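What follows is the residue order along each chain.
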Amino acid sequence: MKTLLLTGASGHIGRAVARRAKATGWRVVGLGRRADLEWKLGQPLPPLSHSADALIHLAHDWAEDGRGGDGNAAAFGTLLESARTQAIGRIVLASTVSARADARNRYGRAKFAMESLLDRPGETAARIGMVYGGPPASQWRGLARLAALPLLPMVGTNTRVQPIHVEEVADGLLALAAGQGPTTGVVGLAGTTPITLGAFLRLVARHRHGHPLLLLPLPLGPACRIADLLARLHPAGERLSERLNGMAGLTVLPCGDDLDALSLRLGDPGCRLAEENRRRLTAAEGRALLAMVGGERPGRSVIGRYVRLAEAAGWKPLVLPTHHAVGLRLFDPSGLPGAARHPLAPRLDAATRLLEAPGGPSPLYDYRGRGRAAALLRLALIGAGEALLLPLRLILSRWRP
Amino acid sequence: MTRTSSIVVVGAGPTGLTVVRALAEAALPVLWLEAGEEPPAPPRHTPDRLAGARLGAPGAWKTLLRSDLGAATPADLRSPKLRLAAPPGFTDGFEHENLARTDNFAAIGALTAGGLANLWGAFAPAWDATALNGLDLRGSYARVAKWMGLAGENDGPLASWLGEGLCTRRSLPLSPLFTPVWAGAGKRPSPGFALDRPRLAVESERCDGCGACLWGCGAGAVWDGRAERARLAALPNVDYRPATAVERIEAGAENIHRLDCRKADGSRFGVETSMVVLAAGALATPRLALDRLGRLGEEVRIENNPALSFALLAPARLGAPLPQTVTGLAQLCFRQDIDHGESAFGMLYDAGALPAPDLIQALPFSRAGNRAAIRLLMPAMAVGFLYLPGRCSDNRLRVERIDGMPRLTLRGGTTPDCPEAFRRAARRMGRALRPLGLWLLPGSTRPTPPGAECHYGAALAGIATDGCLTSGLYAADASVLPGLESRHHTFTAMANADCIARKVAAIWTESA
Numbered sequence: 001m002k003t004l005l006l007t008g009a010s011g012h013i014g015r016a017v018a019r020r021a022k023a024t025g026w027r028v029v030g031l032g033r034r035a036d037l038e039w040k041l042g043q044p045l046p047p048l049s050h051s052a053d054a055l056i057h058l059a060h061d062w063a064e065d066g067r068g069g070d071g072n073a074a075a076f077g078t079l080l081e082s083a084r085t086q087a088i089g090r091i092v093l094a095s096t097v098s099a100r101a102d103a104r105n106r107y108g109r110a111k112f113a114m115e116s117l118l119d120r121p122g123e124t125a126a127r128i129g130m131v132y133g134g135p136p137a138s139q140w141r142g143l144a145r146l147a148a149l150p151l152l153p154m155v156g157t158n159t160r161v162q163p164i165h166v167e168e169v170a171d172g173l174l175a176l177a178a179g180q181g182p183t184t185g186v187v188g189l190a191g192t193t194p195i196t197l198g199a200f201l202r203l204v205a206r207h208r209h210g211h212p213l214l215l216l217p218l219p220l221g222p223a224c225r226i227a228d229l230l231a232r233l234h235p236a237g238e239r240l241s242e243r244l245n246g247m248a249g250l251t252v253l254p255c256g257d258d259l260d261a262l263s264l265r266l267g268d269p270g271c272r273l274a275e276e277n278r279r280r281l282t283a284a285e286g287r288a289l290l291a292m293v294g295g296e297r298p299g300r301s302v303i304g305r306y307v308r309l310a311e312a313a314g315w316k317p318l319v320l321p322t323h324h325a326v327g328l329r330l331f332d333p334s335g336l337p338g339a340a341r342h343p344l345a346p347r348l349d350a351a352t353r354l355l356e357a358p359g360g361p362s363p364l365y366d367y368r369g370r371g372r373a374a375a376l377l378r379l380a381l382i383g384a385g386e387a388l389l390l391p392l393r394l395i396l397s398r399w400r401p
Numbered sequence: 402m403t404r405t406s407s408i409v410v411v412g413a414g415p416t417g418l419t420v421v422r423a424l425a426e427a428a429l430p431v432l433w434l435e436a437g438e439e440p441p442a443p444p445r446h447t448p449d450r451l452a453g454a455r456l457g458a459p460g461a462w463k464t465l466l467r468s469d470l471g472a473a474t475p476a477d478l479r480s481p482k483l484r485l486a487a488p489p490g491f492t493d494g495f496e497h498e499n500l501a502r503t504d505n506f507a508a509i510g511a512l513t514a515g516g517l518a519n520l521w522g523a524f525a526p527a528w529d530a531t532a533l534n535g536l537d538l539r540g541s542y543a544r545v546a547k548w549m550g551l552a553g554e555n556d557g558p559l560a561s562w563l564g565e566g567l568c569t570r571r572s573l574p575l576s577p578l579f580t581p582v583w584a585g586a587g588k589r590p591s592p593g594f595a596l597d598r599p600r601l602a603v604e605s606e607r608c609d610g611c612g613a614c615l616w617g618c619g620a621g622a623v624w625d626g627r628a629e630r631a632r633l634a635a636l637p638n639v640d641y642r643p644a645t646a647v648e649r650i651e652a653g654a655e656n657i658h659r660l661d662c663r664k665a666d667g668s669r670f671g672v673e674t675s676m677v678v679l680a681a682g683a684l685a686t687p688r689l690a691l692d693r694l695g696r697l698g699e700e701v702r703i704e705n706n707p708a709l710s711f712a713l714l715a716p717a718r719l720g721a722p723l724p725q726t727v728t729g730l731a732q733l734c735f736r737q738d739i740d741h742g743e744s745a746f747g748m749l750y751d752a753g754a755l756p757a758p759d760l761i762q763a764l765p766f767s768r769a770g771n772r773a774a775i776r777l778l779m780p781a782m783a784v785g786f787l788y789l790p791g792r793c794s795d796n797r798l799r800v801e802r803i804d805g806m807p808r809l810t811l812r813g814g815t816t817p818d819c820p821e822a823f824r825r826a827a828r829r830m831g832r833a834l835r836p837l838g839l840w841l842l843p844g845s846t847r848p849t850p851p852g853a854e855c856h857y858g859a860a861l862a863g864i865a866t867d868g869c870l871t872s873g874l875y876a877a878d879a880s881v882l883p884g885l886e887s888r889h890h891t892f893t894a895m896a897n898a899d900c901i902a903r904k905v906a907a908i909w910t911e912s913a
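From first to last, the protein sequence lines stand for chains S and A.
Residues 1 to 401 in the working numbering are what the first sequence lists, from first letter to last.
Residues 402 to 913 in the working numbering are what the second sequence lists, from first letter to last.
Just so you know, these hints were derived from the structure itself, not from any lab.
Keep in mind that a hint or two might mislead.
Claimed, not checked - Label pairs and their computed distance ranges (CB to CB): (1) His324/S / Lys463/A: 30 to 40 angstroms; (2) Ala339/S / Arg824/A: 23 to 33 angstroms; (3) Asp804/A / Gly383/S: 55 to 65 angstroms; (4) Leu379/S / Arg824/A: 50 to 60 angstroms; (5) Gly338/S / His741/A: 34 to 44 angstroms; (6) Val326/S / Pro722/A: 24 to 34 angstroms; (7) Ala339/S / Gly884/A: 46 to 56 angstroms; (8) Leu376/S / Asp537/A: 47 to 57 angstroms; (9) Leu376/S / Arg824/A: 37 to 47 angstroms; (10) Gly383/S / Arg828/A: 21 to 31 angstroms; (11) Glu651/A / Leu336/S: 51 to 61 angstroms; (12) Trp399/S / Asp738/A: 47 to 57 angstroms; (13) Gly671/A / Gly338/S: 19 to 29 angstroms; (14) Pro722/A / Gly267/S: 31 to 41 angstroms.
Model, not experiment: these values are computed from the prediction.
Every residue, glycine too, gets a C-beta built ideally from N, C-alpha and C.
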């Protein structure tokens, strides 16, 4: 069994690498403060009881050293030296597509500095694109949260990014660690079809949250300058400036050949997100429809039953215009011409049936009674409400998910 | 091929059961073949089964939706009972065994011992006892009524039309919705319209009004033949073989009939006998019979009752709470005279015992509006069915051999005058019910697609006089009724089966 040393094993990519490595027959030794081997960024590799075959370096310290640089390159130098002494055959550095000597952000410059330390055979740097997918963590968590908003004012929506799924990153890094592909220099590990950041965020909204995203583009240049100003005043501004400049300095890295050499075929980000969020999306859809029909927040158990029904029927989750019960009512095709063929129709039927037993008292039945006057008044209100809704529904129910 | 010296009875539904009962009573040897297995045990029962579940009792969803969520899956136009009470795959085996093709016809049957009677509405009206195929059914009606046990009124306004002196049990209690309607019926008569309590094959003493009739009676009050089947199967002269399907009947030498049988495990065997009584159901019996008689590819008429569903509103009940105890079976029935001296027949149900989603889906507003409206209307709502005589249906049945096996092709339809007959009958019915406090909701009438109402029959009407298809081969279920009257035929088919079985017994005893 081959042994893999892994720094940053608890991060977004690190967890995916550890999981995929174990699944493909590696023995994984994590290096870190609460990992298999006690280690801290800046320290040399601790003495190993067994020899190791490869090292993947993912750990990164985001702190600045006060002179516009940081200690990451020096720390990696120390680790690299000790790894070379312990004769570790493959060393893989996780770098970034924005790594350049004159990168606009510190991260890009630091990664470039680290890359330039790798000059022996068996030492490779992987320039990683925009990582998405898997459980939300690091940058992916931020992106997923932004895409969850109904309206997003956003800078750099036209910046072209190269999305790559975290598991694809893990597979690429492991292939390099196993000696596949180029054994020296820099390898691209990023989406081969660049898309704009705006399009990518919309994709995440659709396939992770099940609703469309409205973007309000803000100009990136002025935003960078404001952030640079802020950075001089407050450390929080420094982080913002780092992010925005990273975005502004992004260039497209052609990496089709590299991926071929690693026998990596990247999935379509939309498909991958839809696949891994299918159940979440179905649950969100069920929650919205059950709330709309029942007029109350549905419990977990009835949402679970909705998911069961939807999966048994093979329904793909719908991208609803909104998940809000009142808003969704405007899109309800029930009773209108063509309703039977509307994709919402069978789902509404299922939701209605499930509300027979929502886990508490069913909102479909009234075992208390409210008196004739109240009932008549309510009926009149329902009728008036329906009359008001009708013209809007006639227009909006043409919408197809 | 085994030779048996028993009378072979095919089918353990209501008519098969009646036949075996009559033969066993005459101490004759019976080999009783049934394609299905015993139905699963009845559901767990508590006095507040329906109301309690709707109010959120623990595990309510298993009661109302079934643990496989079968009751929540997208529904077709068939009766809600098939969704709520039928076990998964209840009708699948039947289609596989019997059907080649259907066109505008919902062919419903069950390969389960007891057949569709496992979830029937228990409605048991008699027909005119002396006019059926020239047989006198009076004695048979009385015998079947006695062992089934009918609940109802012997002296109601429709007593002579529903069969006289047959009820031995009191009617089920009326729900608050129907109490004033029934009380007012005597005081405000309408010409050509008569209202009565239905005759139900229900042990009314065992019913506690839990209301979940449509989900399967857990109290064991609704007659389903289960107990009687078990009793007969244990008799020494009855050899009961469940899970044994008869695939084909062939003519053997010297008036011998050869039955090709297949067990549930796929193994096959043959039986030879000189006497067969078919009671496999109104679709399966014509399949076996027409194949045996060599009438392949020939179109015959098969009747069912064109049905119209409708909703009624009792404004006086608006704002009242749903009753905690209720019955989901028909609470009132009526006769509505139509043209040509014929009568339509109707049944009324309390909407409170029906699943609300079926009503919600029928309203024309937005889904949330429908839900809120039905919640308010339900305590004041009744749902009904209006049935026309079978002659208003225009369905055709044909038997063909596919891979050597006889299979049915069914084409559904109604006669051209059927829509107008429905319109007129519904209008008259609406006028008659309004003085009783029930308003027909405009736009609520909906015809049931051909066949979806299940009660098929009369496919062998012109072929099997007195049930005899050919020497030693009898059919004794609804397929040999001469035609369908507007009221349900299950009870009549059973009485007819009793009558035919007695004749078979006499012939058998004589030849022996």
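Hints, one by one, checked against the model:
1. Range check, His324/S to Lys463/A: Cβ separation about 31 angstroms, and the 30 to 40 angstroms hint holds.
2. Range check, Ala339/S to Arg824/A: about 25 angstroms between beta-carbon atoms, so the 23 to 33 angstroms window is met.
3. For Asp804/A and Gly383/S, the hinted distance range of 55 to 65 angstroms is satisfied, since their beta carbons lie about 58 angstroms from each other.
4. For Leu379/S and Arg824/A, the hinted distance range of 50 to 60 angstroms is not satisfied, since their beta carbons lie about 28 angstroms from each other.
5. The supplied range of 34 to 44 angstroms is met by Gly338/S and His741/A, whose beta-carbon atoms lie about 40 angstroms from each other.
6. About 28 angstroms separates the C-beta atoms of Val326/S and Pro722/A, a value consistent with the hinted range of 24 to 34 angstroms.
7. Take Ala339/S and Gly884/A: their Cβ atoms lie about 39 angstroms apart, and the range 46 to 56 angstroms is violated.
8. Between Leu376/S and Asp537/A the CB atoms are about 56 angstroms apart, so this pair conforms to the stated range of 47 to 57 angstroms.
9. Restraint check, Leu376/S to Arg824/A: a C-beta distance of roughly 30 angstroms breaks the suggested window 37 to 47 angstroms.
10. In this structure the hint that Gly383/S and Arg828/A lie 21 to 31 angstroms apart at CB holds, the actual value being about 25 angstroms.
11. Taking the beta carbon of each, Glu651/A and Leu336/S are about 57 angstroms apart, inside 51 to 61 angstroms as hinted.
12. At about 51 angstroms, the CB distance of Trp399/S to Asp738/A agrees with the hint of 47 to 57 angstroms.
13. Checked against the given bound of 19 to 29 angstroms, the beta carbons of Gly671/A and Gly338/S, roughly 55 angstroms apart, lie outside it.
14. Distance hint for Pro722/A and Gly267/S: a CB-CB separation of about 56 angstroms, inconsistent with the stated range 31 to 41 angstroms.
The earlier numbered hints that this structure contradicts are 4, 7, 9, 13 and 14.
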